[in-house]
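Q: Chain residues, written in single-letter form:
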Amino acid sequence: MADEHNAEWYENTFKRMIYWVGGVLIAGTAITYAIDKWGVAEKFGLLTAVIFGLTVATIKAATVIVIFMHLKWDWKFKTISLTLISTVLFFIGMMWLTVGSEVKTYESNDGKPGRIDNTWKHGEHAIGLNKPAEIQPPKE
Amino acid sequence: MEIPYNSTARPDTGLYNGKVGIWLFLASEVMLFGALFSAYVLLRVGAEPGNWSMGLMSKEVGAFNTLILIASSATIVLAWVSLKLKDWNGYRKWKIATVVFASMFLIVKWGYEWPAKFTHYDVTFVNDKAAETVFAEVLNKDDYNDECQKHHKEIWSARYNIDGKDWGSVDTKDKPLDGYIVGYYTKNENGEREHHKVGQTFGIYFWSHAFAWRHDKRNEGRTTATGAKRDTFREKGVVAVEIEPAHGTWDNHTDKHASVTDRRYAKAGDGHATDAGGHGHAITIEAEQISRVSSYEPAHSTFFAVYYTLTGLHALHVFGGILVMLYHLMPISRRMYESDPDRFTNRIEITGLFWHFVDLVWIFLFPILYLF
Chain E
71 MADEHNAEWY
81 ENTFKRMIYW
91 VGGVLIAGTA
101 ITYAIDKWGV
111 AEKFGLLTAV
121 IFGLTVATIK
131 AATVIVIFMH
141 LKWDWKFKTI
151 SLTLISTVLF
161 FIGMMWLTVG
171 SEVKTYESND
181 GKPGRIDNTW
191 KHGEHAIGLN
201 KPAEIQPPKE
Chain C
904 MEIPYNSTAR
914 PDTGLYNGKV
924 GIWLFLASEV
934 MLFGALFSAY
944 VLLRVGAEPG
954 NWSMGLMSKE
964 VGAFNTLILI
974 ASSATIVLAW
984 VSLKLKDWNG
994 YRKWKIATVV
1004 FASMFLIVKW
1014 GYEWPAKFTH
1024 YDVTFVNDKA
1034 AETVFAEVLN
1044 KDDYNDECQK
1054 HHKEIWSARY
1064 NIDGKDWGSV
1074 DTKDKPLDGY
1084 IVGYYTKNEN
1094 GEREHHKVGQ
1104 TFGIYFWSHA
1114 FAWRHDKRNE
1124 GRTTATGAKR
1134 DTFREKGVVA
1144 VEIEPAHGTW
1154 DNHTDKHASV
1164 TDRRYAKAGD
1174 GHATDAGGHG
1184 HAITIEAEQI
1194 SRVSSYEPAH
1204 STFFAVYYTL
1214 TGLHALHVFG
1224 GILVMLYHLM
1234 PISRRMYESD
1244 PDRFTNRIEI
1254 TGLFWHFVDL
1264 VWIFLFPILY
1274 LF
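Chain order of the listed sequences is E and C. Heads up, the first sequence is in the numbering used here, so the first residue is 71 and it goes up one at a time. Heads up, the second sequence is in the numbering used here, so the first residue is 904 and it goes up one at a time.
Read the hints as simulated data drawn from the structure, not as lab findings. Any given hint could turn out to be false.
Below 16 angstroms or equal to it, Euclidean Cα-Cα: the simulated EDC-like pairs (lysine to aspartate or glutamate) are [unchecked claim]:
#  : chain 1 : residue 1 : chain 2 : residue 2
1  : C       : 989       : E       : 78
2  : C       : 1076      : C       : 1189
3  : C       : 1076      : C       : 1040
4  : C       : 1076      : C       : 963
5  : C       : 1120      : C       : 1189
6  : C       : 1100      : C       : 1031
7  : C       : 1139      : C       : 1200
8  : E       : 146       : E       : 74
9  : C       : 1120      : C       : 1092
10 : C       : 1076      : C       : 1119
11 : E       : 107       : C       : 963
12 : E       : 146       : C       : 915
13 : C       : 1032      : C       : 1138
14 : C       : 1090      : C       : 1191
15 : E       : 148       : C       : 1040
16 : C       : 989       : E       : 74
17 : C       : 1076      : C       : 1031
18 : E       : 85        : C       : 990
19 : C       : 989       : E       : 81
20 : C       : 1120      : C       : 1040
21 : C       : 1012      : C       : 1200
Far from chain E, some chain C residues (derived; all Cβ distances over 12 angstroms) [as the list claims (entries may be wrong)]:
#  : residue
22 : 913
23 : 969
24 : 1252
25 : 1262
Nothing here was measured: the structure is a model prediction, and the numbers come from that model. For each residue, glycine too, the CB sits at the ideal point set by N, CA and C.
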């Protein structure tokens, strides 16, 4: 940890945190299991169950990262990481504006992605690539 | 010359050298597993209806392994805290506990889960008539006596009753009969059938019987003796196999399940959908009735291909972690602790960061591979 703590903090505060996080992780696992056991997918739809299950998994992951991996106290590293991650998110956003707007993969009848790839169709049309080539007769 | 920031943190990043290194490594690991997770999701949503065989997993085993990894994550932090408190014995105690938990995870994975799958077979048929003949033989057996066997018959009747059910677009021949291969027949030079017994397919025989059987009608056009793919029927000259049907993998296709997804396979925990052994009712299926025999190995289906890739890579990480932790329990590590306790404590922290990452991966693997 970047921020040094004294022995008392490790002995009392941090150890208590470890047991709490352990409890949260066990409870999260039980909840995830129960979601399936209670038939949430059957009652409310598969998507609901997946969102619910993965939200619990994300909460579990967050507690591991923040407490077990001590990111809570590595504040300088946390700031650097978040800055780097935000640049990646910005990059993805910019790419989505350019590439993403051209991609349509949900046009098939069965709603499955990737069946019909319409990537670049729009751009193709705009620059005239979808038209047959015109052969100019040689000039006399 | 002394290397700076080996034990102390750099003022600008707040991290010592090793910690920067492990975070960079973990970033590359995120990309590696991220690519595989993405592949899984795309294959899942792009799969034809009814062809995603995740219902064959035992979610109880998955949940058990999750709890084991969580426990190991807690013990490895406690080991590091012990070093911070200058308590070597406490460190040893928690570190050994972590190694034990990690080993338990691998024993469950490689000693039970995988081999149980590799000895459990699916059989599909050349046409609907062949399938109906075999299913009728399974259902009409009249020696179902004890409670388990009666329950077994109920499940089978619900799943394979070919008269009163609408199975949608899936043909009867593609409904897999699952179980354990306990014997086979060949023909000798006089044209007589010879019976061969196959050893137990459960217990200690797990790995020795893994991948023992493979057959696919599509291999018949191959010119070589074994074909490009190994084919047990051709190698042994098999004319019939003896199989002990297990729980029945087919979904009941009740309305509630149909509304969720057109699953070809039953959900785990739905009846006997675990790797329980056969029920002692071996039936004989002629080779000419069979289109494919495959254990739940990577070649079985897209789901299992991705499942073994993801869990195999994860298990290798667990194995690597165990080796490092064992090194940290050896006398050479004790000597390092005595000569430079701060640096050794940092090493344990780094190992812990890696281990938590391994735990994180499993936290997401469990729901996507076992539950949803």
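Q: Compare the structure with each hint and give your call.
A: Comparing the hints with the structure gives:
1. C:989 with E:78: Satisfied, since the Cα-Cα distance of roughly 12 angstroms is no more than 16 angstroms.
2. C:1076 with C:1189: Distance of about 14 angstroms is within 16 angstroms: holds.
3. C:1076 with C:1040: holds (15 angstroms)
4. C:1076 with C:963: Violated, at about 31 angstroms.
5. C:1120 with C:1189: holds (13 angstroms)
6. C:1100 with C:1031: violated (28 angstroms)
7. C:1139 with C:1200: violated (21 angstroms)
8. E:146 with E:74: holds (13 angstroms)
9. C:1120 with C:1092: The hint is violated at about 24 angstroms.
10. C:1076 with C:1119: The hint holds at about 14 angstroms.
11. E:107 with C:963: holds (11 angstroms)
12. E:146 with C:915: Given pair residue 146 (chain E), residue 915 (chain C) holds - Cα atoms ~8 angstroms apart, limit 16 angstroms.
13. C:1032 with C:1138: Violated, at about 27 angstroms.
14. C:1090 with C:1191: Between residue 1090 (chain C) and residue 1191 (chain C) the Cα gap is close to 14 angstroms, so the pair holds against 16 angstroms.
15. E:148 with C:1040: With Cα atoms ~64 angstroms apart, residue 148 (chain E) and residue 1040 (chain C) exceed 16 angstroms; violated.
16. C:989 with E:74: holds (15 angstroms)
17. C:1076 with C:1031: With Cα atoms ~5 angstroms apart, residue 1076 (chain C) and residue 1031 (chain C) stay inside 16 angstroms; holds.
18. E:85 with C:990: Holds: residue 85 (chain E) and residue 990 (chain C) sit about 14 angstroms apart, inside 16 angstroms.
19. C:989 with E:81: holds (11 angstroms)
20. C:1120 with C:1040: violated (23 angstroms)
21. C:1012 with C:1200: holds (14 angstroms)
22. 913: Check fails; 9 angstroms does not lie beyond 12 angstroms.
23. 969: violated (5 angstroms)
24. 1252: violated (8 angstroms)
25. 1262: violated (6 angstroms)
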